[in-house]
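Read top to bottom, the protein sequences are chains A and B.
In this note's numbering, each residue's number is its place in the first sequence (first place is 1) plus 189.
In this note's numbering, each residue's number is its place in the second sequence (first place is 1) plus 19.
No lab work stands behind these hints: they were computed from the structure.
Treat the hints loosely; a few may be bogus.
Simulated coverage check for chain B against chain A, where a stretch passes if three residues somewhere in it have a Cβ under 8 Å from a Cβ of chain A [unchecked claim]: (1) 123–135; (2) 155–167; (3) 227–241; (4) 278–284.
Negatives, chain A to chain B, calculated, CB over 12 Å [stated by the list, open to error]: (5) 207; (6) 268; (7) 358; (8) 408; (9) 436.
C-beta: ideal position from N, C-alpha, C; glycine also.
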Amino acid sequence: MSPGHRQPSRHEALLSWSIMGLLGLIATGVFIRQFDYDPSVINPGVPVQLSSESPEAARAFSAGAGLSDMLPPDMEVMSPVESFGADTLSDKINGKAELYLSAGFLKLDAQRFVKPAAPGSWMELFAYDMGSVRNAFAVYSTQKREGTAPFDLTPFCTRTSNALYFVHGRQYVEIIASVASEELMQAMVFSGRAFVKKTPVKEEHIDELALFPQEDLEAGSIVLLPSDAFGFHGMKNVFTGLYHVNGQELTAFLIRTGAEDEAVKLVAAYQAFLEANGGTLAPMTSPIEGGILVEIMETFELFFPHGPYVAGVHEAETLQAAETLAMTLEHTLARSVR
Amino acid sequence: MKTWRASSFTRRDFLLRAAKAGASVTGAGLLGLVLYDGKGPQSVPEKNGGVTLPDFSVAGTGHIMAIVTGENRPLTLRQALKLLGGVERFVRPGDRVLLKVNAAFATPPILSATTHPDVVAEMARLCFQAGASSVIVTDNPINDPASCFALTGIAKAARSTGARVVLPDKQHFEPTTLRGGALINHWPVLYGPFQGVDKLIGMAPVKDHHRSGASMAMKNWYGLLGGRRNLFHQDIHNIIKELAMLARPTLVVLDGTTTMMTNGPTGGSLQDLKQTNTMIVSTDQVVADAFGATLLGMTTAGLPFIGKAEEEGVGKADLKAIRPIRDRVG
Numbered sequence: 190m191s192p193g194h195r196q197p198s199r200h201e202a203l204l205s206w207s208i209m210g211l212l213g214l215i216a217t218g219v220f221i222r223q224f225d226y227d228p229s230v231i232n233p234g235v236p237v238q239l240s241s242e243s244p245e246a247a248r249a250f251s252a253g254a255g256l257s258d259m260l261p262p263d264m265e266v267m268s269p270v271e272s273f274g275a276d277t278l279s280d281k282i283n284g285k286a287e288l289y290l291s292a293g294f295l296k297l298d299a300q301r302f303v304k305p306a307a308p309g310s311w312m313e314l315f316a317y318d319m320g321s322v323r324n325a326f327a328v329y330s331t332q333k334r335e336g337t338a339p340f341d342l343t344p345f346c347t348r349t350s351n352a353l354y355f356v357h358g359r360q361y362v363e364i365i366a367s368v369a370s371e372e373l374m375q376a377m378v379f380s381g382r383a384f385v386k387k388t389p390v391k392e393e394h395i396d397e398l399a400l401f402p403q404e405d406l407e408a409g410s411i412v413l414l415p416s417d418a419f420g421f422h423g424m425k426n427v428f429t430g431l432y433h434v435n436g437q438e439l440t441a442f443l444i445r446t447g448a449e450d451e452a453v454k455l456v457a458a459y460q461a462f463l464e465a466n467g468g469t470l471a472p473m474t475s476p477i478e479g480g481i482l483v484e485i486m487e488t489f490e491l492f493f494p495h496g497p498y499v500a501g502v503h504e505a506e507t508l509q510a511a512e513t514l515a516m517t518l519e520h521t522l523a524r525s526v527r
Numbered sequence: 020m021k022t023w024r025a026s027s028f029t030r031r032d033f034l035l036r037a038a039k040a041g042a043s044v045t046g047a048g049l050l051g052l053v054l055y056d057g058k059g060p061q062s063v064p065e066k067n068g069g070v071t072l073p074d075f076s077v078a079g080t081g082h083i084m085a086i087v088t089g090e091n092r093p094l095t096l097r098q099a100l101k102l103l104g105g106v107e108r109f110v111r112p113g114d115r116v117l118l119k120v121n122a123a124f125a126t127p128p129i130l131s132a133t134t135h136p137d138v139v140a141e142m143a144r145l146c147f148q149a150g151a152s153s154v155i156v157t158d159n160p161i162n163d164p165a166s167c168f169a170l171t172g173i174a175k176a177a178r179s180t181g182a183r184v185v186l187p188d189k190q191h192f193e194p195t196t197l198r199g200g201a202l203i204n205h206w207p208v209l210y211g212p213f214q215g216v217d218k219l220i221g222m223a224p225v226k227d228h229h230r231s232g233a234s235m236a237m238k239n240w241y242g243l244l245g246g247r248r249n250l251f252h253q254d255i256h257n258i259i260k261e262l263a264m265l266a267r268p269t270l271v272v273l274d275g276t277t278t279m280m281t282n283g284p285t286g287g288s289l290q291d292l293k294q295t296n297t298m299i300v301s302t303d304q305v306v307a308d309a310f311g312a313t314l315l316g317m318t319t320a321g322l323p324f325i326g327k328a329e330e331e332g333v334g335k336a337d338l339k340a341i342r343p344i345r346d347r348v349g
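Only chain A is shown next, with the shape it has when bound in the complex:
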C-alpha cells in the first residue's frame, strides 16, 4: 500500500505538529533576534563592582568560580571572573594576544580583588591555560622582566615590585597589583600559593632545560620562542640560553624535532635561509659532526644536528667563542641524549 492510501496515525500527526511547532518557535526567535544585529556593538566586557555594593554581593560574583579560592583573607572580590577564548582574547589584552595565541593559548580567566579599607589597593589575577607546561613556559620566559629575582613558589616564578609571574603545569599566571606595596605583595603571594595548592598539575618538567650546559649559563635566562625564531619561519619551539664566555655574551639554542632526518633537514633549511640573507659558509676549526658555520653581518652562526635535536650558537661575535660554546653544547647533548 502506498503512503497516499492511508491517513497519518495520531502518533505521526502529533509528532509532525511538534516538529512544526518547534520550527515555528526557532523561526520566531531568529526573526526577533535579527533586528538586534549590529557588529558595531562592542564586546561589553565585565564591569567592575563598585564599592557601594555589599561585600556579600561581591562574593556572590564568584560563586562557583575557581579564582575566588585565591582570595586573600583581607580582600574582597572586586569584579566577577572574566573568561576569554582564542577568539576573544584580544578583548582583554589587545595587541599582546598574538603572543599567547602563537604559543597555544586555550583560555584566560581573570579576576580582581580589592582591599575594602583602601579601594585604590587592588590586584588582578590572570590565569592563562596554555595547554601544556612548554606553552606556559614560552609565554612566561619571553615576557620575563630583566633583573627580576626568582621566587620559590614554582620552578618558574619571578616577582617584581608590583607583580608575581609563574608557571604551574599548563597554567601561566600573572598577578598584578595597582600599587607597589609590601602589603599587596603579601596578598599576591597568598593568592599564588593558593592557586598552586588548589590547582593539580600533571606535568611540571621540561626536558630541554637540562640539555643546556650549566657552565657560564646566566641563571634564569632560558627562553622558549614558539615561532619565527631568529626571523626564520622554520624555527619553531626554540629554546635559547644566554652565556658569558670570555667576556662575550652568546646565545645557545636548542630545538627538538620529530626525528633525526627532520633535524638534518632543519639544519639544511636554516643554512639556506642564512645564505639567502647574505650569509657565507665558513670553515670550522673544531670537529663538530654535521656542523655548519655561517658568517653573516659580522657575526657567526654555528649549528649542528644531534639525534632529533638541532643545537647551535646564535650571533657570536668571534669564531672562537662560537666554537667553544658549540663544543660544550655538543658534549652535553652526547652525555644526555643516547
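Let chain A serve as the given structure and place chain B on it in line with the hints.
Same frame as chain A, but now just chain B:
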C-alpha cells in the same frame, strides 16, 4: 475513519490538493521575497552613505612641535603649549573640545598603559581657561568602558575639572569610509561624541606594542574603531596609517614622562617602564610619533606606519625639517 483509496481520489480532489500545494509554495516564496535583504548585513544602518570626521586642525599653525623635559606632567604640558603659542592659539572661546584619550585597559595609572589622569586633567583645565564651553573626554576601550575610565583614574580626573566623560554606546557608532583607504570601508567609528565638537586633541602615552612595535599618537585613534576591530591587527601598520588619515586633530599630546619599554601594550610590571621625562605636543601626529620612537630606542624605519602616514601626506617624519622647540622645566 476515512481512508484514502485510489478509487476515491477524484479529479476534483487532485486539483484541490494541487492548488493547496501551489499556494503553499507561492506563499513561502513571497515570504522569502519580503524578508530578502539584497544588501546583506551592514555594519550599522547607514545614513546618507556614512559619516566623515571633520578636519580639526587650526589654519596657519602648520607643522609645529614642542618637546619639554621634566618629571611633572602638568608643568611640562603647560610649558609645551606655551612654546607653541599658548593653548589660546588652538582653543578659542566657546569651542567645544574633545580629548581622545587612551583608556584601553582597566589598569591603574602606575602601569602607564593608558593616558595619565594628570595630563587629562591639566589639558581639560587649560581648555576651560582658554574659554572652551565644554570638554568631552572619550575613548572606546578594549575592556569594559566604565571599568577602564574608573580604574585608570581618567574619569575622576576629567570630572574634577568639569569635563564630561562620554562612555561609548551603541548609538555612538556610525559607518565611515575613508577616501583613498583600503581597510576603513563602511566600518563603524565612534562618531557620536564628535557631534558639535570644534577641536580634537589626541592624548596618548608612549608604549611598546607587541604587534605594531609602538603605540603612540597615531595608534591612539584605534580607539575610534567599533566592531571586531582586532581583525585589523593582521594589517596593523596600514590600519594605523588609515586612522591617521581619518583623524585630523587640532593637537596631539604624546606623554613620554614614563615610557613602557617592554611587554606592551598592556605591560603589567613597573620593570617594563622607564622614566624618560618627556612631554611632546604637536600639530603633526607623524613627527610626534617619530620623536616618540626615539624614547623607545627605535627609529622610524622600524615602525613602518610612520613612513606610510608620511607618504599619504598626514605629516612629516623628519625631525630636522620640523625643528621642534625644546625646553626643560622642574
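Open item on the list: Tell me the numbers of any earlier hints that the structure contravenes, in ascending order.
Closed with: Number 6 only.
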